[in-house]
Amino acid sequence: MEIVSKVLIGLVALEHIYILYLEMFAWETLGKKTFKGALSPELFTPTKGLAANQGLYNGFLAAGLIWSLCISDPAWSKNVALFFLACVSVAGLFGALYSRGIFFKQALPALISLVCAYMFL
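Every number in my numbering is 1153 more than the matching position in the sequence shown, counting from 1.
Read the hints as simulated data drawn from the structure, not as lab findings. For each residue, glycine too, the CB sits at the ideal point set by N, CA and C. Keep in mind that the hints are not guaranteed to be accurate.
Unchecked claim - Each pair of labels, with its calculated beta carbon distance range: (1) I1156 to L1183: 18 to 24 Å; (2) K1186 to F1247: 38 to 44 Å; (3) L1164 to P1227: 17 to 23 Å; (4) T1198 to A1239: 31 to 37 Å.
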């Protein structure tokens, strides 16, 4: 189960690397497709800087999760993973107040990973 927990942490990290890419580098192309209906098309250009800033924060979350997988001390690795998974969970729950899809795409995977990491790491 330890391996499953680490794989789940890795998947949440990969998701946030994808969000980093989407918000920092593809906001006006892939972002328009991904957030179709959430924002009107004319808002993507003026919000490019805001999206890039959000993407950078998602990159920090991914970096923390990846870092947790590289720490050799089991207790320290677990604590770092729990911290960053909790951050992703809180961000996802907050986002879910505005879009129910964020709960299933961001918060739920992080919450499942958080429970697994807590129990099995």
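Query raised in the report: For this structure, which hints from the list above don't hold up?
Result: 1 and 2
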